[in-house]
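Sequences are here, hints too, so could you generate the full structure?
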Amino acid sequence: MTRATRSTKQSTEYFQALPDDSSDDISGYKTALFEAKKLWSGVNISADSDPLSAYLSRLNHLEPLPWTAQQQLAKRYKEHGDRDAARLLVLTNLRLVVKLAKEYQRRKTDLLELIQQGNLGLSEALTRYDPYRGVKFTSYAQYWIRALILNYLMNHTHTVRIGGSRAGRKLFYNLKKARRALMQNGQKPTAALVAEYLDVSEDEVILVAAQIDAPPVYLDAQAPGHEETTLGEMMPSDTIDPETAAADYDLACQIRDCIDAFGTEIGDTRRVAIWSERMIADNPKTLAELGAVWDVSKERIRQLEVGMREDFRTFLLDRLGDEIRLEWLHST
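Using this note's numbering, you'd call the opening residue of the sequence shown number 52 and step up by one each time.
Worth double-checking, as some hints may not be accurate.
[Said to hold, decoys possible] Below are the DSBU-like pairs computed for lysine-lysine, each with C-alpha atoms no more than 30 Å apart in a straight line:
no.	residue 1	residue 2
1	K150	K227
2	K221	K239
3	K129	K187
4	K126	K150
5	K228	K153
6	K227	K239
7	K221	K126
8	K187	K228
9	K187	K221
10	K150	K221
11	K336	K349
12	K153	K239
13	K239	K228
14	K150	K129
15	K239	K187
16	K228	K150
What the hints contain is simulated information worked out from the structure, not anything from laboratory work.
The following block contains the structure:
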């Protein structure tokens with residue numbers, strides 16, 4: 052007889068007996084819950100114990116229930132909203148969550164995180180379970196426990212999110228199963244065969260398989276062959292390098308000087324207006340607006356602008372050399 056079972060005989064005051072339409076055994080199980088909760092809080096845990104060990108030690112005092120008792124508790128919750136029955140059903144199935152979570156534990160995966168997600172799945176199963184369909188609660192709960200654990204793994208354990216598409220989620224859940232099925236049929240589980248088996252694209256299989264099969268790469272890890280260099284430091288940067296940035300800034304300054312110098316040499320008032328108010332302005336005026344100001348047609352303003360563009364191109368090449376290339380000089 053376990054401590055939790057022995058403790059059932061020690062207290063009958065906390066929970067009242069259930070109505071007559073329930074089995075007499077249920078009141079005993081509810082008393083066991085009360086005693087198990089006291090044992091849970093009274094377990095001696097050393098200061099140096101890790102959280103997982105402490106949690107598992109407390110689970111030793113929560114005895115699983117027979118499936119008939121679980122059905123009765125589920126009916127109590129379904130029909131009467133009995134929160135004590137729901138709490139007992141959840142607490143006595145926490146070991147099931149731990150068992151399933153261990154199946155999905157991988158390197159660098161926190162088992163407590165998986166257990167937490169599995170516990171959420173167990174609670175979700177309780178709210179959706181129909182005790183009148185003849186399915187055991189534990190069999191039904193396993194689906195939701197696994198679903199929440201897999202959803203967590205899919206969204207939080209990979210650098211690149213896998214479940215971004217319907218095909219990606221389908222592959223995450225079924226890739227290994229499909230490979231095993233193909234191997235049992237004597238076939239090599241190539242990407243093409245897996246894609247055909249699961250009715251997804253081959254490219255999607257290659258992408259998801261690469262993310263699932265390969266271990267994650269950490270940017271702060273030591274680069275192979277380098278004692279004091281990380282992988283992140285070896286990766287090319289998306290930003291412009293300092294030398295190129297300095298060269299671009301120097302060129303921009305030279306072009307700005309050429310623009311200012313050309314403007315002072317134009318002379319003609321109308322051409323100065325076209326240059327400053329249209330060609331180099333942040334908010335350039337339209338051909339029609341300038342034509343109205345100078346009482347000429349839009350076509351005449353355009354002709355003057357084309358001529359000034361060619362003059363400036365010549366001016367710029369004389370100052371900076373033939374290697375300078377600006378698309379703006381060739382636009383019309």
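CA of K187 to CA of K221, is that 30 Å or under?
The hint holds at about 27 Å.
For the pair we were handed, K336 and K349, check the Cα-Cα distance against 30 Å.
holds (12 Å)
Is K228 within 30 Å of K150, Cα to Cα?
holds (20 Å)
CA of K221 to CA of K126, is that 30 Å or under?
violated (34 Å)
CA of K150 to CA of K129, is that 30 Å or under?
holds (26 Å)
Straight-line alpha-carbon gap K126 to K150, limit 30 Å:
holds (25 Å)
With a cut-off of 30 Å on the C-alpha distance, tell me whether K221 and K239 pass.
holds (20 Å)
Just to be careful, I want the Cα atoms of K150 and K227 compared with a cutoff of 30 Å; is the pair within it?
It holds: about 20 Å lies between the C-alpha atoms, which stays within 30 Å.
Is the Cα-Cα distance between K239 and K187 30 Å or less?
Not OK: K239 and K187 at ~37 Å, beyond 30 Å, violated.
Holds or violated: K153 to K239, with C-alpha atoms at most 30 Å apart:
Between K153 and K239 the Cα gap is close to 29 Å, so the pair holds against 30 Å.
Would you check the hint for K227 and K239, treating anything up to 30 Å between C-alpha atoms as holding?
holds (13 Å)
Take the C-alpha atoms of K239 and K228, compute the straight-line distance between them, and say whether it is at most 30 Å.
With Cα atoms ~13 Å apart, K239 and K228 stay inside 30 Å; holds.
Violated hints, in rising order: 7 and 15; the structure is consistent with all others.
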